[in-house]
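These protein sequence lines are chains G and D, in that order. Numbering follows numbering that gives the first Met the number 0, with no gaps: position 20 of the first sequence is 19. Numbering follows numbering that gives the first Met the number 0, with no gaps: position 114 of the second sequence is 113.
Keep in mind that the hints are not guaranteed to be accurate.
Claimed, not checked - Computed spacing ranges between beta-carbons, pair by pair:
#1 D258/D with R52/G: 48 to 54 Å
#2 S177/D with Y103/G: 56 to 62 Å
#3 Y205/G with N108/D: 46 to 52 Å
#4 E104/D with V142/G: 20 to 26 Å
#5 T170/G with H282/D: 51 to 57 Å
#6 E181/D with F105/G: 16 to 22 Å
#7 E104/D with R52/G: 43 to 49 Å
#8 Q74/D with V115/G: 14 to 20 Å
#9 E164/D with V115/G: 26 to 32 Å
#10 E181/D with D120/G: 15 to 21 Å
#11 V115/G with E181/D: 29 to 35 Å
#12 F207/G with N303/D: 38 to 44 Å
#13 Y103/G with E41/D: 54 to 60 Å
It should be emphasised that the hints constitute simulated quantities derived from the structure, not laboratory data. If you're wondering where the values come from, they're calculated on a predicted model, not measured in any experiment. C-beta atoms are modelled at their ideal positions from N, C-alpha and C, and glycine is treated no differently.
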Amino acid sequence: MKKIKLIVIGVLVSYFGFGQDKKFTFGVDLMPTYSIISRSTRSELQLGISAYRNRHQLRLAPVMHLQSSEASNNPNKPSFSGASLSYYYNIPSESKWFDLYFKYEFTMQYYENEWVGNFYDFTDNQYKEYINESNEYFSGNSVAYGLTLNVTKHIYAKTEMAAGFYLSNITGEFESEIRPSTNTRIDFRGYDANGFFAKVSGAIGYKF
Amino acid sequence: MKTISIACKKVLCFVGMIVLLNNCNKELDISSELLPGNFETENVIVLIIDGPRFSETWGDETKLLTPYLQTNLRQKGVVNSNFYNFGNTQTISGHTAITTGVYEEMNNNGLQYPENPSFLQHWLSVTKASPNKAYVVSSKEKLKVLANCSSVDWRNTYLPSIDAEDREDEQTFNRVKSVITEHHPNLLFINLKGVDVSGHNGDWNGYLENITKCDSMLNELVQIIDNDSIYKDKTTLIMTNDHGRHSDGISDGYKNHGDNCLGCVHINFFAYGPDFKQNQVFHNVREQLDIVPTISHLMGMQLNQADGHVMHEIFK
Chain G
0 MKKIKLIVIG VLVSYFGFGQ DKKFTFGVDL MPTYSIISRS TRSELQLGIS AYRNRHQLRL
60 APVMHLQSSE ASNNPNKPSF SGASLSYYYN IPSESKWFDL YFKYEFTMQY YENEWVGNFY
120 DFTDNQYKEY INESNEYFSG NSVAYGLTLN VTKHIYAKTE MAAGFYLSNI TGEFESEIRP
180 STNTRIDFRG YDANGFFAKV SGAIGYKF
Chain D
0 MKTISIACKK VLCFVGMIVL LNNCNKELDI SSELLPGNFE TENVIVLIID GPRFSETWGD
60 ETKLLTPYLQ TNLRQKGVVN SNFYNFGNTQ TISGHTAITT GVYEEMNNNG LQYPENPSFL
120 QHWLSVTKAS PNKAYVVSSK EKLKVLANCS SVDWRNTYLP SIDAEDREDE QTFNRVKSVI
180 TEHHPNLLFI NLKGVDVSGH NGDWNGYLEN ITKCDSMLNE LVQIIDNDSI YKDKTTLIMT
240 NDHGRHSDGI SDGYKNHGDN CLGCVHINFF AYGPDFKQNQ VFHNVREQLD IVPTISHLMG
300 MQLNQADGHV MHEIFK
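Using the sequences and the accompanying hints, generate a full structural model.
Below, the structure is given as structure tokens:
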């Protein structure tokens, strides 16, 4: 862990460090993403702010959750879910129209969802539904390979595909008054506590 | 520009593949009611004897270890001598292949639900019957995962009753008898662990004794069905295994399992019921995935998730 921190600091100092005479440039972008996590899918939107120096780009973006196949409540309701920190290594091509890049991204997110389950009420002899709210802490590390289309000197479009590893933790509590008896076993995780995920993204951006 | 075109095509291809995969994940629909069938079966009992090798059970040339299966039971029902687990030969993966009809690499510590719902969940969702009518009774606590699944559409809905504790098979079998007496479940799924535990302990004699003990319990279960006014002539019994054990000379032999050696994948299949033939031994290749389609066929359910095929040859 200490080694990783030293490497990260080294990279930051060498490319964004003080005392360099080369200039930084900055930019903003809008990046929709689509992730597949086990059997679930998520669509999100990132509003990124980037600092550029030579081939290197550091980007910070809040993440807006747009849609999820997981939650039974308002799965399409946008909500702020966390932040993303990315490092890009841009590879200029011979053409002025496009460049390629590699990217590493770290995201930290928090989700609140509601779920519907059912249980058998032995008094009324029928199944009844209940609602459970789950709270999830989700972090992802991914690497991506992408293409930048330089529409003008300042405006660009990006597209990329990524694969990564996630860690997740879910806690839950009953929301509805109707609930199953305590000996009924329930679990709201839609995927494992950790695993691999895939993501495709596109973006439009402006470089100042 | 040519490079851009190629890159764009690759990206579009990747996105298309992901959309396709995502759509595939949603094929978990079932019919909303039981289909009318021409079968006598109203109840199905599945008995899993955990982890014996074929060579010490049906494949035992002396026929001394499974005397009931080798004599009167085989006359009452059907045996398939070429039955396999072609998936992961661990306990939980072997069980979920039998309950869901899909091979899946499962965490073997009971920390992961199968992705697909079991035939018990399907049946409860169609019939809206009490959970007591679809029961899982197990000698291994970790098999509680058989009662639920991780599919978003099915999670925590129509859960069967579960009685799974780490205990001796005799205790589990007593629980089976109590459950039958009290509830007469239409679907009953049983696990007996003694054979597997003795094998892992390296206790060869215990391993053989447990095989004989399970054979005796299988026979007793048939007698219970035959002597029960509700179950008699309306109940199908299927006995199989979740996995075998390593062949001699592979790894540590009978003490473990988990690869695809013949000892691990070759397992038993015995079935007895009002809709099945009697006194017949089949040698065609069948596998665990064929059990769910066969049960669904008997019970009038339509399960599109299962990868196997109905074992038509065993029907009358």
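Cross-check of the supplied hints:
Between D258/D and R52/G the C-beta distance comes to about 53 Å, which sits within the given range of 48 to 54 Å. For S177/D and Y103/G, the Cβ-Cβ distance of about 58 Å falls inside the hinted range of 56 to 62 Å, so the restraint holds. Taken as a hint, the range 46 to 52 Å holds for the pair Y205/G and N108/D, whose Cβ atoms sit roughly 51 Å apart. Our hint of 20 to 26 Å for E104/D and V142/G holds, since their Cβ atoms are close to 24 Å apart.
Distance hint check: the CB atoms of T170/G and H282/D are about 53 Å apart, consistent with the given range 51 to 57 Å. Checked against the given bound of 16 to 22 Å, the beta carbons of E181/D and F105/G, roughly 54 Å apart, lie outside it. Look at E104/D against R52/G: about 45 Å separates their beta carbons, and that is inside 43 to 49 Å. Against the hinted window of 14 to 20 Å, the Cβ-Cβ separation of Q74/D and V115/G comes to about 50 Å, which falls outside the hint.
Remark: the range hint 26 to 32 Å for E164/D to V115/G is upheld by a beta-carbon distance near 30 Å. Checked against the given bound of 15 to 21 Å, the beta carbons of E181/D and D120/G, roughly 19 Å apart, stay inside it. Taken as a hint, the range 29 to 35 Å holds for the pair V115/G and E181/D, whose Cβ atoms sit roughly 30 Å apart. For F207/G and N303/D, the Cβ-Cβ distance of about 54 Å falls outside the hinted range of 38 to 44 Å, so the restraint is violated.
Taken as a hint, the range 54 to 60 Å holds for the pair Y103/G and E41/D, whose Cβ atoms sit roughly 59 Å apart.
Hints 6, 8, 12 from the earlier list are contradicted by this structure; the remaining hints agree with it.
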